[in-house]
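Undergrad: Chains as they are written, first to last, in my numbering: chain A, 1 to 318; chain B, 1 to 291.
Quick caveat, the hints were computed from the structure, so don't treat them as lab data.
Watch out, some of these pointers could steer you wrong.
[To be verified] Just so you have them, the derived chain A footprint on chain B, three or more residues with Cβ under 8 angstroms:
1) 85-94
2) 270-276
[Said to hold, decoys possible] Sample of chain A residues with no beta-carbon within 12 angstroms of chain B, all distances over it, derived:
3) G15
4) G45
5) Y105
6) M115
7) G143
8) F225
The model shown is predicted, which means the values in this text are computed figures rather than measured ones.
Think of the CB as a built atom: it goes at the ideal place given N, C-alpha and C, for glycine as much as any other residue.
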Amino acid sequence: MYKRLVFIAVIVLTGQVVSNPYDLQLLTFIGINTLLALGLNMVMGYAGQISLGHAAFFGLGAYTSSLLTIHLDWSPWLALPFTLVFVGIVAFLVALPMLRLSGYYLGMGTLAFGMIVFFIFLQWRSLTGGDSGLIGIPPLTLGPISFEFGAAPFYLVWGIVFLSFIVCERLIDSRIGRALRSLHDSERASAAVGINTSRLKVQVFVFGGVLAALAGFLYAHMVTFISPQTFDFLMSVKIVTMVVIGGMASVWGSLFGAALLTLLPEWLHVFAEYEMIIYGLILVVIMIFLPQGLTRGLLDIYEHFKSRRKTLPKSHEG
Amino acid sequence: MQEILQYFFSGITAGAVYAVIALGFTLLFNATGLINFAQGEFVMIGALMLITLWKVLALPLIAAFALSVGLVAVIGILMERMAMRTVRKPHPIVMVIITIGISIFLRGVGMLSWGKDAHSVDPFTQHAPLEVYGATLLPQSLWILGIVLLIVAGLQFFFKKTLAGKAMEACAISKKAAWLLGIPSEKMVLAAFAMSAAMGGVAGVLIAPVTMSSYDMGTMLGLKGFCAAMLGGLGSVLGAVIGGLLLGVIEAFGVGLVASGLKDVLAFLILIFILCVRPSGLLGAKTIQRF
Numbered sequence: 001m002y003k004r005l006v007f008i009a010v011i012v013l014t015g016q017v018v019s020n021p022y023d024l025q026l027l028t029f030i031g032i033n034t035l036l037a038l039g040l041n042m043v044m045g046y047a048g049q050i051s052l053g054h055a056a057f058f059g060l061g062a063y064t065s066s067l068l069t070i071h072l073d074w075s076p077w078l079a080l081p082f083t084l085v086f087v088g089i090v091a092f093l094v095a096l097p098m099l100r101l102s103g104y105y106l107g108m109g110t111l112a113f114g115m116i117v118f119f120i121f122l123q124w125r126s127l128t129g130g131d132s133g134l135i136g137i138p139p140l141t142l143g144p145i146s147f148e149f150g151a152a153p154f155y156l157v158w159g160i161v162f163l164s165f166i167v168c169e170r171l172i173d174s175r176i177g178r179a180l181r182s183l184h185d186s187e188r189a190s191a192a193v194g195i196n197t198s199r200l201k202v203q204v205f206v207f208g209g210v211l212a213a214l215a216g217f218l219y220a221h222m223v224t225f226i227s228p229q230t231f232d233f234l235m236s237v238k239i240v241t242m243v244v245i246g247g248m249a250s251v252w253g254s255l256f257g258a259a260l261l262t263l264l265p266e267w268l269h270v271f272a273e274y275e276m277i278i279y280g281l282i283l284v285v286i287m288i289f290l291p292q293g294l295t296r297g298l299l300d301i302y303e304h305f306k307s308r309r310k311t312l313p314k315s316h317e318g
Numbered sequence: 001m002q003e004i005l006q007y008f009f010s011g012i013t014a015g016a017v018y019a020v021i022a023l024g025f026t027l028l029f030n031a032t033g034l035i036n037f038a039q040g041e042f043v044m045i046g047a048l049m050l051i052t053l054w055k056v057l058a059l060p061l062i063a064a065f066a067l068s069v070g071l072v073a074v075i076g077i078l079m080e081r082m083a084m085r086t087v088r089k090p091h092p093i094v095m096v097i098i099t100i101g102i103s104i105f106l107r108g109v110g111m112l113s114w115g116k117d118a119h120s121v122d123p124f125t126q127h128a129p130l131e132v133y134g135a136t137l138l139p140q141s142l143w144i145l146g147i148v149l150l151i152v153a154g155l156q157f158f159f160k161k162t163l164a165g166k167a168m169e170a171c172a173i174s175k176k177a178a179w180l181l182g183i184p185s186e187k188m189v190l191a192a193f194a195m196s197a198a199m200g201g202v203a204g205v206l207i208a209p210v211t212m213s214s215y216d217m218g219t220m221l222g223l224k225g226f227c228a229a230m231l232g233g234l235g236s237v238l239g240a241v242i243g244g245l246l247l248g249v250i251e252a253f254g255v256g257l258v259a260s261g262l263k264d265v266l267a268f269l270i271l272i273f274i275l276c277v278r279p280s281g282l283l284g285a286k287t288i289q290r291f
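Produce the entire structure from the sequences given, and follow the hints as far as they go.
TA: As structure tokens, this is what we get:
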């Protein structure tokens, strides 16, 4: 409870203090990326199922809602439930056969799924606009407030992030969360104690997909322009990197990972050229040295030193 | 008829290259049980290296060929030494993320070294294209098919007739038992990495004259090679070759007879279908563990 109040206070304070529209947009992007990382963390960190195609659900959310609002003139608020249900169904249909696989094969399968979706965005020109993408997506409005620029989208996105955090934390502390973690450690053992592992895996995959679709919806109506490149393989890798940096199986780690990977390009001027090299190195180095993620790993190192300082004098006495 | 033959020719040309990439997956999988997501990046480096050495630096073709493949093999060795061997608990998720990390890293290195533009190079030899029943067969296709045949024969000889090959096969069957018999299993794993990377390099060298090469070609080719390996049955040398040729031909006919937009999607659809329906592939007699 205490943690949540601090979180709300930080959001409200940041919204009041930061007035530069560029900084506000950057902070809003952190929120959107947090939703993506959070969804994938449920799948990868808690349930132990790898997905290298998470950007596909992000893209499907963005494209579905954009097409409904542009071509059918729907209000974005009407398009939202339809988008979430549609992407949920797609995630369900993908998960059903795919999650019978695991490890390397699941990685390859989800990678191929992400590529197929990307090529549909790119090749189905009459519908998706191909390479040049879709323009003129209507921004979200609520009465007199428009969620396109300034503080309004910031509060909207972070409000949704806050709610998703609560949902995820409740889920993790529930019977489902315990089942997920047992699935992560051993699928056979959890099946043996009566967990319906295949149903659980599909459920968590659909949950992660719907969360990514929500992020896609927010992104499309905020930027009002989308193109396939935003949802390519590198984006999927980026989301995996966020989860890995923040720490698998850590809700707050997702926020940290998303923030770091959104801000890194802003801090490093030369980043664009070295973007891929840096992502690659981060993944390899963290997986080898700190497989618990940066947050957990650094905490572990700190605790290790602290406990050593305590135990050292004792060993001298003895 | 003439068109059908033409599709077939272009299909087996592309398919032979997929077969070599698939061999890379199969060799490594046999010795270590690993799937290397950076396999496609080896192809990219092989192709771009050949272009640099042969076209830009004007080395003789054979020297450029050997140097490119050798360099990619060295990258494979470095990858095993510096990354894979240091992992304490080789859980599949950890290995997938590490090899993905290496593939992204190599892609970044490729972009820095060769830029974002696509490069091309002449065929190995300047013969006039052959006419076969009205369809054209490019000399480069013959080169590719010939080299692939040589590789397959060489691999069969290596695994069936030489001590090193038999030792490697023993490692694949049981690392512990091989170690007890005095086979240096760590060296065998290193050799498998080098050979598998070299296969990627060869595929890159072969494909450079028939396509445009750029830093981002690897992911597609890697996935298609993996698709070919799964199609034929992961772990079987013959299966990799049959899977590769089959995938190439299916793709060529799909593009020619249905729609050109299908080219890249088709392989992924086949891959997902194979993964979900028959993970042991066409030739895989034993059931593969799906993790």
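Undergrad: Run every hint past the structure and note whether it holds.
TA: Hint check:
1. 85-94: Coverage by chain A holds here, the residue count being 6 at a Cβ distance below 8 angstroms.
2. 270-276: With 4 residues in contact (Cβ-Cβ under 8 angstroms with chain A), the coverage given for the stretch 270-276 of chain B holds.
3. G15: 35 angstroms, holds
4. G45: 10 angstroms, violated
5. Y105: 5 angstroms, violated
6. M115: 5 angstroms, violated
7. G143: 44 angstroms, holds
8. F225: 22 angstroms, holds
Figure legend: structure checked against the earlier numbered hints; hints not met, in rising order: 4, 5, 6.
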